[in-house]
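Assembling the complex is the task here: the two chains are given apart, and the hints tell you how they should meet.
First to last, the protein sequences are chains L and H.
Start counting the first sequence at 1; every next residue gets the next number (the numbering used here).
Start counting the second sequence at 1; every next residue gets the next number (the numbering used here).
None of these hints come from the bench; they were simulated from the model.
Hints may contain errors.
[Unchecked claim] List time: in silico EDC-like cross-link candidates among lysine to aspartate or glutamate, alpha-carbon distance up to 20 Å:
id, chain 1, residue 1, chain 2, residue 2
1, H, Lys92, H, Glu118
2, H, Lys204, L, Glu21
3, H, Lys128, H, Glu118
4, H, Lys206, L, Glu21
5, H, Lys36, L, Asp30
6, H, Lys154, H, Glu132
7, L, Lys43, L, Glu66
8, H, Lys128, H, Asp187
9, H, Lys92, H, Glu120
10, H, Lys206, H, Glu228
11, H, Lys92, H, Glu132
12, H, Lys203, L, Glu21
[Unchecked claim] Some chain L residues judged to face chain H by a derived CB distance under 10 Å, without partners named:
id, residue
13, Pro13
14, Lys20
15, Leu23
16, Leu27
All residues carry an ideal CB built from backbone N, CA and C; glycine is no exception.
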Amino acid sequence: MFDFFKTLFKPTPPSGATAKERLRLVLLSDHLSLAPDVIESLKRDLLEVISRYVEIDSNHADVTFEHREREVAMLASIPITGVRERVRPSELEAASTQSGDNDSAAAGAETLALDPPPVAEAEPSAETPAKTPAPVPVRASNAARPRRRRRKKAPVAPQPGAAPAQSAQA
Amino acid sequence: MMRAIETSIAAPDGVPEPGPQSVTARGRAIVITSGKGGVGKTTTTANVGAALAALGKRVVLVDADVGLRNLDIVLGLESRVKYHLLDVLEEKVTLDEALVRDKRSETLYLLAAAQTREKEDVVTAQMKALVEQLRDRFDFVLIDCPAGIEMGFKNAVAGAQHAIVVCTPEVSAVRDADRVVGLLPSDWRPELIVNRLRPQLVKKGKMLSVDDVNGILRLPLLGVIADEPGVIVASNRGEPLALDPASETGAAYRAIAAKLCGQNVPAPTVNVPSGGFFSKLGSIFGGRA
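In isolation and in its complexed conformation, chain H is listed as follows (with noise of 0.2 Å):
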């Protein structure tokens, strides 16, 4: 019963008629990565995706982490996911059937990943043939990949035009970074988002700034995303944060989408606060948990 139900969401085409904007060229593929587990890969790919669909495009967020599903999870959409997309490769259920459209927007699906499956199962050609698919009919394809470089990596970023590097603050993590920007294509030109950034810390010399970390990986910069309990509060409840409006991180995911679609967007900046006896009482009292 659920399951028809799902069908008719979906069909016949899955997506809503084109909106103006996007009338012509085909979608783009782009794929989410870092090499280093933990960074906030499927965070960023979900609120880049939420923003994206609120700005009216037709997103898809491809789970690739097979085995360790979770792009759901932050969506809150993991009750909803029936079929995956081993499903799909291996021909078992149509596209249609298994794409899952999110709560509060139109045009926003996902596909999530396989959870008792291994990523060996997935076959590159497959893989990239699905995206291709895909870049058909949405006007961005956002491939959230799996952590490390082995056949996951592979897979995730077998079909897509272009690559997000997420990269924290951290020497481990840009030591990865680095490490899989030289594995992508070489005529690619990854775009970076530094992700939980604590500015407080970085005035006080005592971590990475986003100069450090890019005067290391040399990317254009994409996004500066802030270490903020509202990251926390939003991936409990479900909730991506670039969909609430009052967030000043949510307005991080916003420009970064509003960047990808061609926008002029000022430099990211991530201001420190301030961090007074009054801002403290308004967050212990004010603060949404």
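Here chain L stands alone, though its shape is the one from the complex (with noise of 0.2 Å):
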């Protein structure tokens, strides 16, 4: 009964409004899907930024964007082959700036608005490097689904076909 004046007076938006809003994510998926160069360059610092924290395969790695109803979503499956040695957020930090210092790819890294101190403060799973801020528009969500399964024994997460995880120290 609620829910039936609740629908009778919302307000519906103004079509125009629609018609924008339609419109900006239209464009924003049009733009992503016109620009491989970009996707590309964005894949290898996603990547490159990941691998600070576990082993990845990046030969199988996949990043792509789906337009959704309310948005436009970066969806990033990267098959995790091992984790590195289990380091503090503190020494994160230092090796990230470190790193940053001496290695290019990590400055593009931050040009893309990937930084990496949230990433230091979340626990190393799979699910850690999709939750990274994207590039300002696009909404980074979830990981790809498969992997969520796995959330209890994330950090080995071992991929079929992948060697055994050799240094868990976790």
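Here it is, written out as structure tokens:
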């Protein structure tokens, strides 16, 4: 009953606003699909950052964009083959600034707003990379779904065919 | 016989003596494009061309929509067209034989598209050479681009140095305009005409505004044309609205032409019609239909 009144009195946005929002999303999606070089460079930087925390199979990594109802989402599927030595967040920060100094790829990552600190605070798991903020207009979403089921054993999460984790200290 | 008359009108140069304002450089070739079909490219080409000619400029309108010829209709010149673009490109007739002079203006010419041929029949290099040739003789070469982004589009753009993008306030039209802008040479700075705007709908929030459209496209705004019955009436008659001194839309086209000639023109606006009882009454009894 309440729902009925709610729908009755819910203000519907004028169709011009709907048009504007639809246009924004469709162009966002168009521009992403029309800029493969940008996507490639984003993917490269993303993998570079993630590989600081876990060993990954970059040959089978996949970064795609999905046009949804109200947003364009970035989906990253990155097979993890092993875990690096457990690093304290403080050490990580030091490491990231250091690598930012002498690693040109890391410098590129920073221009894409893939800031290392938020990653450092999270548990290194398969999902952390995708929570990293993506370039401004794109809303990064969770990593590809199949990976979520392995959440408990996330740090190891061997891919089919991937070598077993060697130095899992976690 | 008709052919002889046509030729004699156009001879020897096809164009009248250059006016004092146009003795200097070669003409400007501008492609009128949109991506999406049905947004008003042809109507825009005809009206901007007519308005430029009314300013004394030597203007040629090239219909590049091979297979779907329409520019002659909008100009009311369909009965005068004898030869077309491909006849010239394939050297079956001379340029002068194919150019059709407008009924109303001494300085407005049309080069019609072939109706029974295909866009792929046009050789891009030949099209480019033809536009170059036209630039020597006219102040403005306006090329009416076909819809789409395929061969026809590429041919229409080939000889041009500038583009006018026509876009209606619709999601699909803006998306296509955005795509087309991306396909134009990167050193161009295309200008935008927002066509078929309905100010009353914009006021009620039921239509994308000019700012909404150009917030996305971010092009220099050349003009805004309202969606009004006069445009349809004019096209029914084959008389460009730009030549009707009483028409507000005609004035908008004339402002666009003035701007293209480098004149300082106030920023385009479209007034919201009052829409009251008496104005409606007026449009019923006074409006030309």
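Okay, the hints, checked on the actual structure:
1. For the proposed pair H:Lys92 and H:Glu118, the alpha carbon gap of about 17 Å is at most 20 Å, so the pair holds.
2. For a cut-off of 20 Å, the pair hint linking H:Lys204 to L:Glu21 stands: about 17 Å separates their Cα positions.
3. A C-alpha spacing of about 17 Å is found between H:Lys128 and H:Glu118, which places the hinted pair at or below 20 Å, so the restraint holds.
4. Taken as a hint, the H:Lys206 and L:Glu21 pair is honoured in the structure, with Cα atoms around 13 Å apart against an allowance of 20 Å.
5. Restraint check for H:Lys36 and L:Asp30: satisfied, since their Cα atoms lie roughly 16 Å apart, inside the 20 Å limit.
6. Restraint check for H:Lys154 and H:Glu132: satisfied, since their Cα atoms lie roughly 16 Å apart, inside the 20 Å limit.
7. For the proposed pair L:Lys43 and L:Glu66, the alpha carbon gap of about 15 Å is at most 20 Å, so the pair holds.
8. For the given pair, H:Lys128 sits about 18 Å from H:Asp187 by alpha-carbon distance, which is consistent with the 20 Å threshold.
9. Of the pairs offered as hints, the one joining H:Lys92 and H:Glu120 holds, with about 18 Å between alpha carbons and a cut-off of 20 Å not exceeded.
10. For the proposed pair H:Lys206 and H:Glu228, the alpha carbon gap of about 17 Å is at most 20 Å, so the pair holds.
11. Proposed proximity of H:Lys92 and H:Glu132 is supported: the alpha carbons are some 19 Å apart, at most 20 Å.
12. Taking the CA atoms of H:Lys203 and L:Glu21, the gap is about 18 Å. The hint holds against a cut of 20 Å.
13. Taken as an interface hint, L:Pro13 checks out: its beta carbon lies about 8 Å from the nearest beta carbon of chain H, inside 10 Å.
14. Checking L:Lys20 against chain H: minimum C-beta separation of about 5 Å stays under 10 Å; hint holds.
15. Of the supplied interface hints, the one on L:Leu23 holds, with its beta-carbon coming within about 5 Å of a beta-carbon of chain H, less than 10 Å.
16. Contact between L:Leu27 and chain H, as hinted, is supported at the beta carbon level, the nearest pair being about 6 Å apart and thus within 10 Å.
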